[in-house]
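Protein chains: 2
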Amino acid sequence: MAQLPVSPLAPAGFPSMPAVRGVRLAVAEAGVRYTDRTDVMLATLAPGSTLAGVFTQSATRAAPVLDCETKIGDESTEGAAFLVNAGNANAFTGVAGQQAVAEITDALAAQLGLPPRRIFTASTGVIGEPLPAGRVTAVFDSLAKGPDATWEDAARAITTTDTFAKGASRVIETPDGPIHIAGIAKGSGMIAPDMATMLAYVFTDAQIARPLLQEMVAHFAAITFNAITVDSDTSTSDTLLVAATGIGPKVTSTDGPFAEALYAVMRDLAHLVVRDGEGATKFVEVRVTGAVDVPDAKRAALAIANSPLVKTAIAGEDPNWGRIVMAIGKSGARADRDRLTLHLGPHLLAENGQLAASYREEEGAAYMKRAELTLSADLGLGPGAFTAWTCDLTHGYIAINADYRS
Amino acid sequence: MAQLPVSPLAPAGFPSMPAVRGVRLAVAEAGVRYTDRTDVMLATLAPGSTLAGVFTQSATRAAPVLDCETKIGDESTEGAAFLVNAGNANAFTGVAGQQAVAEITDALAAQLGLPPRRIFTASTGVIGEPLPAGRVTAVFDSLAKGPDATWEDAARAITTTDTFAKGASRVIETPDGPIHIAGIAKGSGMIAPDMATMLAYVFTDAQIARPLLQEMVAHFAAITFNAITVDSDTSTSDTLLVAATGIGPKVTSTDGPFAEALYAVMRDLAHLVVRDGEGATKFVEVRVTGAVDVPDAKRAALAIANSPLVKTAIAGEDPNWGRIVMAIGKSGARADRDRLTLHLGPHLLAENGQLAASYREEEGAAYMKRAELTLSADLGLGPGAFTAWTCDLTHGYIAINADYRS
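Top line first, the protein sequences correspond to chains A and B.
Residue numbers for the first sequence follow this note's numbering, so the first one is 16 and each next one is one higher.
Residue numbers for the second sequence follow this note's numbering, so the first one is 16 and each next one is one higher.
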């Protein structure tokens, strides 16, 4: 597949990100599928680290996901490692897939002097081809002994069809000193996360008990990674892992500056995935309010965000609000046509079941030319609210997924 | 919007279809939105007709749908009429929408000497613009008194973005003489029917009690119109109406030649809608078997049929079966990766959770070049089976929905 141009919605460059104490990064070229680029990333975590994670709920999830699921509840605080290879998803690979995971985790455990239950792997890339585990294990010695990698190196090594490397970070000052949070993610297609999206790794040097960390991560995943969609298709490999190395200040609350910063990092990473949506030219926030409850709000928001007709209208810069009404109608959310209120950015589009008298088509058309859009729908029925993020559906998506052979 | 070229999946021409005793057709140019073409269709039904129907379950369904729903349970056998206008959907038009329906039904009832409760209207076209009811009622006199129209005339008058007129028919010989069944349909985008698809009208001269007719129509709609998808978007106007004029032989069973023929007409019409799917170049049958139950089979079949990544792979003639595995995995159907068996036409693709040893990529690639494809997935868990039909997702879909402004 030809190298794709960088998404027009990409940030100007990879952000400057702080070191997180207790985290060491390394990358290597294993040649799993790609050549002349790094394709393996190792993050080694200091003893004392607590881990949390959420994974795809796909019924056909990949072998590394199944392995991580059995390990993530581990309450121990030994050292740990995250290992990722790009180019091959080790999904739908049968018993051979499990064997490849075991081969990799056992070899890395031996290399690092850790128990295999503290090794968490992920594989991303083509589905259905056996993973050549030997190519991955062959680079373990150089990963362990070689130079440290930067956040950008790590983010780049896990990419597949991504057009840019993705990272986000925050630093919180506390009376006990600073806490650093840094994360990387990959993903641009097959994005409609069921528990997490594609691959995302977040690190902090805060000290935080595993149950508390897991609670926060699960809650924030629901409103960040699980609130984005590129194409409504859910990956077999979605993995979000969060590590707290415990070297810095202690966190004991799900509220406050740490929680806000962790949420912000996760949201930023989720947004970056949408900004790299295959073929995307518009970044779209879909805000639903006034639903009977949150599940209904989420149904309506994702129905809008996933609708091919809404997404092609956005691509065509067409303020075709009838398609938004259609999407709400099909969503399964309780809705009353005559209580709907729709806004396009600041412009009132429709209310009381019909076009707003004040709406001017030329204002809507001008707004649609923006690269970042907000579509708001108030269902007028209750307190349920949910915000989702999506991109438009363009010829670029078809070109990436149909014109090139995988 | 520019006139679109006829779908490459269209039949060679409109079929020869029999007259159905007790049905009179008429068409007119009302200029609701389009010019220089017919845009109103009237079907008048003889006294003694029984009616059945299914309608979209959209929460934002259009005013004519809401009106039909209140009337369809009527057990009387007076004459009746179906009236359709194309170009304006009278959807999300508030109170004005209901008033337009009342104006049209009252005027047509007076013109035909029927009670308003026996007038069933449908409107298809743009959403959110007030329907100019006066333009529709202005043609009632010429519809009532003018020449009879053919099935092809009627099918053409109800089209919007369709690239060809759609009709299907069957004739059954019985000891009491022949029964004729003929139907017309429209639709090519916003196709993921929730109860019926877009607009379809089926007529027979059989004599059949309303409850029996409704039972058959609802059952067959579930496995015909509700088993197709073009773009996963559900119309606000989906309407299927079936009339039995009672002039011919009596039908008293949901089994037998009449039921088979009614099913065949409904299935043929549903297939024609897929063959006119926006941008379609491939007609795809998705067969799921071995599911725990029928709802699971339907979930898996529609997840495959709706997946943008599966549909773009088909457009690209890429036997990318990993995307089928992904779609089953995300569908919510109970599935076990290691019991899945996949076929591409006659070719065994995958079994036991991995690629089949006998599969040859070049055979799969050659099969994908066909215009008509069958994808089969056996989940290996139970007796549940469902077949869905879809088309590919191409640049043509984007062009129709994004490049042109509606």
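FYI, nobody ran anything at the bench for these hints, they're computed from the structure.
Please note: incorrect hints may appear among the correct ones.
[Claimed, not checked] Just a few of them, taken from the derived set where beta-carbon distance is under 8 Å, the chain B residues facing chain A:
#1 91
#2 111
#3 186
#4 189
#5 190
#6 283
#7 343
#8 416
Cβ atoms here follow ideal geometry from the backbone N, Cα and C, with glycine treated the same way.
Each hint tested on the structure:
no. : hint : verdict
1   : 91   : violated (30 Å)
2   : 111  : holds (7 Å)
3   : 186  : violated (37 Å)
4   : 189  : violated (41 Å)
5   : 190  : violated (46 Å)
6   : 283  : violated (25 Å)
7   : 343  : holds (6 Å)
8   : 416  : holds (4 Å)
Violation of the numbered hints given earlier is confined to hints 1, 3, 4, 5 and 6; the remaining hints are satisfied by the structure.
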